[in-house]
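Single-letter residue listing:
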Amino acid sequence: MHELSIAQNIVEIASQHLRDLGTVRVESIRLKIGALSCVHRESLLFSFDLVAADSPLAGARLEIETLPIMIFCSTCNTTRELPSIQSFRCPQCGTPSADIRQGRELDIDSIECTELHSPTESLSIPEEAAS
Amino acid sequence: MNQPRILEVRTKILKKNDELAREMRDEFRNAGVVVVNFVSSPGTGKTTFLRETLRRLVQANIPVAAVVGDLETDNDARRLAESGAPVRQIMTHGMCHLEAEMVRHHIQDWDLQSLDFLFIENVGNLVCPTSWDLGESLRVALLSVTEGEDKPLKYPGIFNTPMWPSSPNATWRRFANSIAIRQFETSKAFDLVSESWNPRPKPDREWTNGCRSDDALGIECVVE
Numbered sequence: 001m002h003e004l005s006i007a008q009n010i011v012e013i014a015s016q017h018l019r020d021l022g023t024v025r026v027e028s029i030r031l032k033i034g035a036l037s038c039v040h041r042e043s044l045l046f047s048f049d050l051v052a053a054d055s056p057l058a059g060a061r062l063e064i065e066t067l068p069i070m071i072f073c074s075t076c077n078t079t080r081e082l083p084s085i086q087s088f089r090c091p092q093c094g095t096p097s098a099d100i101r102q103g104r105e106l107d108i109d110s111i112e113c114t115e116l117h118s119p120t121e122s123l124s125i126p127e128e129a130a131s
Numbered sequence: 001m002n003q004p005r006i007l008e009v010r011t012k013i014l015k016k017n018d019e020l021a022r023e024m025r026d027e028f029r030n031a032g033v034v035v036v037n038f039v040s041s042p043g044t045g046k047t048t049f050l051r052e053t054l055r056r057l058v059q060a061n062i063p064v065a066a067v068v069g070d071l072e073t074d075n076d077a078r079r080l081a082e083s084g085a086p087v088r089q090i091m092t093h094g095m096c097h098l099e100a101e102m103v104r105h106h107i108q109d110w111d112l113q114s115l116d117f118l119f120i121e122n123v124g125n126l127v128c129p130t131s132w133d134l135g136e137s138l139r140v141a142l143l144s145v146t147e148g149e150d151k152p153l154k155y156p157g158i159f160n161t162p163m164w165p166s167s168p169n170a171t172w173r174r175f176a177n178s179i180a181i182r183q184f185e186t187s188k189a190f191d192l193v194s195e196s197w198n199p200r201p202k203p204d205r206e207w208t209n210g211c212r213s214d215d216a217l218g219i220e221c222v223v224e
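Residue numbers (the working numbering), protein chains in the order written: chain P, 1 to 131; chain F, 1 to 224.
Bear in mind the hints are in silico, worked out from the structure with no lab data behind them. From the three backbone atoms N, C-alpha and C, an ideal C-beta is built for every residue, glycine too. Each hint should be verified, as a subset may be incorrect.
[As the list claims (entries may be wrong)] Now the stretches of chain P that chain F is said to cover, found in silico as 3 or more residues with beta-carbon under 8 angstroms: (1) 13-22; (2) 32-43; (3) 71-82.
Given the sequences, and given the hints that come with them, work out the whole structure.
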């Protein structure tokens, strides 16, 4: 199931971004997933929990924002949301369009975390020990 | 201590695969090799179709090679090698799709400059390969008559998703995948079309046959 590969990529990318922080507890990872991305939400949530268990992201929630398919209609000269994945025609005028402006995303948008110790706090020596 | 933070990431999850696929696409283009990624359900007939296509190309002295992905065994590589073309097997050991790195690894010592075509037979699956760009020039979906006429409606992702953004200079857009149909019986009434250069998908069931109803379709139906 390819959601496992996707979850592994999420953990890898998120872990890289956390590397420069001190000790953190990751609360959530916000994803933006387009309707054309062929990702099954429940499978991804399940896969992420499995993969994240042995990583700095253990216990984090995945928050998934689903983005609808938006096409650009050259007749109407505007972007429109598609009501269905089956018909790539402007819902207003019926002109076919392959100009997809939104819907293919499979992105990590942001990470919400609580910094427990900053990098400098982690390394600092208490005054009494230094003297 | 205990400072909440929001880290902006704004990164594509498949960035690593996409970047590698882009590099591979450039390499293929510079080497002058047309790369075709074949997808289908398991059992449609990709291997037989490809074996016959490879055989015809080898007989015509057109330099071609192939890689094939399966979870286990090298059975399909052996079958494809009957054509006389160089073939490598990619065993995914459980992964349901091929990724760019797997393809790159298996072709790394091939002289791409000497090839006209490289065929990639993907793992039998109409869902998962959708998201993984392999650096191909063209993605072909094979359907067999016994699967029914509404496969593109049932599997919209693989048929309706452009694989990569067109460059600003593109004069056309690849939208629907190319579809080559393998007919088991010539008496069947289905007519199907190669949609590779047609930017308009056809969600209804009227397709027109541009390919011969043979046991295997020739390469001329698939790649122009």
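Cross-check of the supplied hints:
1. Beta-carbon proximity to chain F at under 8 angstroms applies to 5 residues in the segment 13-22 of chain P; the threshold of 3 is reached and the given coverage holds.
2. Counting residues of the segment 32-43 of chain P whose beta carbon lies closer than 8 angstroms to any beta carbon of chain F gives 4, which reaches the threshold of three, so the coverage claim holds.
3. Restraint check on the segment 71-82 of chain P versus chain F: 0 residues with Cβ-Cβ distances below 8 angstroms, three needed, restraint violated.
When the structure is compared with the earlier hints, a violation turns up for hint 3 alone.
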